[in-house]
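Protein sequences appear in the order of chains E and H.
Mapping of the first sequence onto my numbering: position 37 corresponds to residue 37, and the numbering continues sequentially without gaps.
So my numbering is basically just the index in the second sequence, starting at one, shifted up by 83.
Don't take each hint at face value.
[Unchecked claim] As a list, the in silico SDA-like pairs of lysine to any residue whose alpha-carbon atoms are at most 20 angstroms apart: (1) H:Lys157 x E:Asp20; (2) E:Lys52 x H:His228; (3) H:Lys129 x H:Met140.
[Stated by the list, open to error] Chain E is faced by these chain H residues, among others (derived, beta-carbon under 8 angstroms): (4) Asn100; (5) Arg154; (6) Lys159; (7) Arg162; (8) His228.
[Unchecked claim] Quick list of simulated restraints, FRET-style, between CB atoms: (9) H:Asp340 x E:Asp37: 36 to 44 angstroms; (10) E:Asp37 x H:Tyr220: 29 to 37 angstroms; (11) E:Asn25 x H:Asn323: 54 to 62 angstroms.
Please keep in mind that the hints were generated in silico from the structure rather than gathered at the bench.
None of these values were measured; they are calculated from a predicted model.
Each residue gets a CB set at the ideal place from its N, CA and C atoms; glycine is no exception.
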Amino acid sequence: MTKQQIRQAILDIIADIAPDEELSNIKDDVRLREQLDLDSMDFLDIVMELRKRYNVEVPEADYMQLASLASSMIYLEPKLKDK
Amino acid sequence: MQLVFCSGKLKKHMSYNSRIVITGIGLTAPNGNSLADFRRALLTGKSGVRPFTTRYMGAVLAGVCDFDELRHQKKKELRRGTRAGSIGIYCANEALKDSGIAWDKIDRSRAGVYLGVTEHGNVETENEIAVIKEYNYDTKFWSHHHNPRTVANNPAGEVTLNMGITGPHYTIGAACAAGNLGFIQGLQMLRLGEVDLAFAGGVSESIHTFGIFASFKAQGALATHADPTKASRPFDRDRNGIVVSEGGCVHTLERLDDALKRGARIYGEIVGYACNTDATDFVLPNPERIGQCMAAAVKKAGLAPSEIDILNTHATATKLGDIQECQAVRTVFKECPKLHVNNTKSFIGHAMGAAGALELTGNLPSFDDGIVHPTINVEHLDPECGLDNIVLNEPRRIDKVRYILNNSSGMLGINSAVIVKRYEP
């Protein structure tokens, strides 16, 4: 997957777990929690969906890597490069 | 509130503080999403039973609700919570709206939520097992939402989260006697002065667990019929079991003085209630104890059995259960010529934790219209279920209705009865 495909994959997951949110103006470099009504259970949902959809494991120590779209793309690129 | 303990018994001085009245109603039933729609369905013979598909078993019959889930919840709340929570939220918000209470002006730490359930958690556990089955039963795919969805206080707790209620909330597990128990708990909390406003009733999400269908089928107690609308047929000779249903009903309960102060519409006053236990069998009802429970409610209301106008039965359309309840009714209500008997499950199936609450509530308009809704689907009345003034298939207009009794009972031998009186100052 390319970075842009990874970005879209994350947005697709967020659209499912936070269906009331408007996602068209999300800024890549700003923390997701500053832009969206997401709590810790929602982040666990993102981790779960990455596991279910892409067989990707995100260890607890790396959760902060999912803070923004930009950091998520950097973190997930090597894990998803063959997906 | 004035309460006096005397010789170990609680004697009540019925002041305006201890009189508890119903001031708002919110409900969803398989045949209506408001009291007006529900009542219309009960008077026009409209069933809410339809074909339904459940996991592993395929086609079954069920009472299915179609309320607007997003009227009071965001999509995210709906996704995160349970069906029982969603039903509770809809009903509680509708009851609040109906009550006319100025929600932004009241102290929400003095409000409480009391919802009866038959069971809770089976739906979510079955769902999670279905998920991990897709991953070779690897439990790392088990949701972190499972615990908050399955804790026993979930349905009432979701209502508090949605409405910002910070008083005490309980989900009351009482099998199929639970709807009445929700009302009783609310009444008791008001009389104890623990809250000033109670959201009370019952909810059922049971059609979303295959286990309840499979277990009733294994018990030989799951209804079948070529016409789904005729499947639930208490008292009929050919009845063959229960139609499982979902639904919910919540009342706002207040002390009479509070209701009068704000000029509330009063649907009725809860004047009697009782709960007891068979202690005889896991599933088979005990007519003696059921009778004792109804008699205790009548006594607590300070009435004679002959003063009850409408008795809404629990009968679920099982062969033996209906007969057992009829025996109890005959024993307690002998020589009661003005008593009329009906049954709501014939329309909506068995709404489990919501059953008692919906069934009582569907009869409350009788105070205004003087009509007893019938028991439908009785083509051949079982002689063993023959009761004086049982209202079959067509509504019946009677004289002024002053007292309505709802009877409920459930597995492990729990019985409950609630009596509501037409409001009279």
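(request) Hints the structure violates: just list their numbers, smallest first. (result) Hints 3, 4 and 5 are the ones this structure does not satisfy, whereas the remaining hints hold.
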